[in-house]
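Protein chains: 2
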Amino acid sequence: MNKLLIVGTVAFDAIETPFGKTDKILGGAGTYIGLSAAFFNLQSAIVSVVGDDFPQEYLDLLTERNIDISGLEVVKGGKTFFWSGRYHNDLNSRDTLDTQLNVLADFQPKVPENYKNADVVMLGNLHPLVQSGVLDQLESTPKLVVLDTMNFWMDCALPELLDVIKRVDVITINDEEARQLSGEYSLVKAAAKIQEMGPEFVVIKKGEHGALLFHENNVFFAPALPLEEVFDPTGAGDTFAGGFAGFITQSENVSFENMKNAIIYGSNLASFCVEKFGTERMVSLEKEEVMVRLKQFKSLTQFDIEL
Amino acid sequence: MNKLLIVGTVAFDAIETPFGKTDKILGGAGTYIGLSAAFFNLQSAIVSVVGDDFPQEYLDLLTERNIDISGLEVVKGGKTFFWSGRYHNDLNSRDTLDTQLNVLADFQPKVPENYKNADVVMLGNLHPLVQSGVLDQLESTPKLVVLDTMNFWMDCALPELLDVIKRVDVITINDEEARQLSGEYSLVKAAAKIQEMGPEFVVIKKGEHGALLFHENNVFFAPALPLEEVFDPTGAGDTFAGGFAGFITQSENVSFENMKNAIIYGSNLASFCVEKFGTERMVSLEKEEVMVRLKQFKSLTQFDIEL
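Here the protein sequences line up with chains A and B, keeping their order. Just so it is clear: in the first sequence, position 158 is 158 by UniProt numbering, and no numbers are missing. Just so it is clear: in the second sequence, position 144 is 144 by UniProt numbering, and no numbers are missing.
Do not rely on the hints blindly, as some may be mistaken.
Treat identical chains as interchangeable: a pair holds within one or across any two.
Said to hold, decoys possible - Keeping only pairs whose Cα atoms sit at most 20 Å apart, straight-line, the calculated SDA-like set for lysine to any residue is:
no.	residue 1	residue 2
1	K206	Y185
2	K79	M197
3	K166	Q137
4	K276	D169
5	K295	E257
6	K116	N2
7	K287	T63
8	K79	D98
Because the hints were derived from the structure by calculation, they are not lab data. Computed from a prediction, not measured in an experiment: that's the story for all the values here.
Please construct the entire structure, taking both the sequences and the accompanying hints into account.
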């Protein structure tokens, strides 16, 4: 089985949406990526850090899905990263109510020995120096390195971000971040500029409006599945990235054609994530449900005009 | 050849975008619908009204495309409908600077005798009573009646709008209008409610984010083609509707499966419309360019996951 190395936060989230609010629940980019990638036939490990306030049941939840957590450092006396946010009525925007970095502030990632030859590396949204630090520890060149980031690092750590972007094959960012990073409003132009920064493949996430994959002069688009109700968008982008990286890891094929399929799998898994609060839906999700929804994605997008 | 009857404004537009501004140029929903539908193998006629300030060259432009203008009334001493608008920098929103109804204020549509048995009727955005007035003049039931409308009529003539909506097979509106008409934020729920109002098929246009087609429990999505530059969005929705109605007229097939193709053709033609000011690009467009872009739509959306 191929190996997927995941770097990303494992955290507590407290979420408010128009439909309700949660106490501190399991969250973090690494968590969502791991749970999503677990739907594929692969070995995975999460490199991250938590405090000793992090409940054993959450750790069990990860290991039950065959996610190696030997690279998940537990800091004695430390407190786990905490994020709290409130979504607006349209669920397309949110206010951050609280961010407590806690143990994340001094995080030094340590890649487990048997993942230093990972086939695919998924660098979840974290400080670019942490992302670089993981790449520095690898002993062989992965088939694919995927990086997710956000506007916060463009504002606060742009040189470091540009350094790590040079070293990856795929970048996943949202439309506003693509515009900020490139200085171009047109996403076609933005993707071209970002490709010049290093990544051969640029994935632009547009939330409920789907995702675009750019490579050289090619472009592919996957819609988000139209849902009766979006309950909580938290983690959708990470779930998308986890599905993308998981499918690539399983299939061992980094062609543009195969990445189209990976984008569809990512959109598919993300469409479940938003159906309940936090990780709840991903935890209850069955592989068969994913396959049924894949048929919906086909009928949603496939047409048969003869050319 | 099948007959497409088009009702919609034929007008002067003055447009400002971040890229420039125009004087009074040819515009109007009927014009865009007619120019777009002309790419298909069909007969078409426009029912509309202009003043005698409307230049012969614009009339010629329509008749050169085999559009029957015997139902286009020219009011002696009257002035043509005029609209002027300014787009914001993102081109997703605009301010109306001026609207002069002129001859449109007293418009009584007159369907040409030989179009009273039209195969397809495309009711462009106009007062719902004008739209009903056209349906009242038909002598046989068309295979398909498509209606386009806008929020203005929901605000000012809702009972009349609901009356005409009951009588159509397909409604095309944008996402905000679908929400306003249904009172539902979720587009899936909005489409279900609108189907209950009459139309079996609901097309929701999302501009640069593509278009959704709903029918019973089925949904199809066509993306907008990602473009380097959107120059002027004026008329894109009408061009989309014209492509949709034109393809259905040509193909004589009103199944959901065939409507998927019609939606793709509509998106295809709309993607050209926005490349230049007003009707300029549609006037210069060659059928071969449409076919080349159809290939781009295929590679943009088609994937080959085996199920």
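Structure versus earlier hints - violations, ascending order
2, 4
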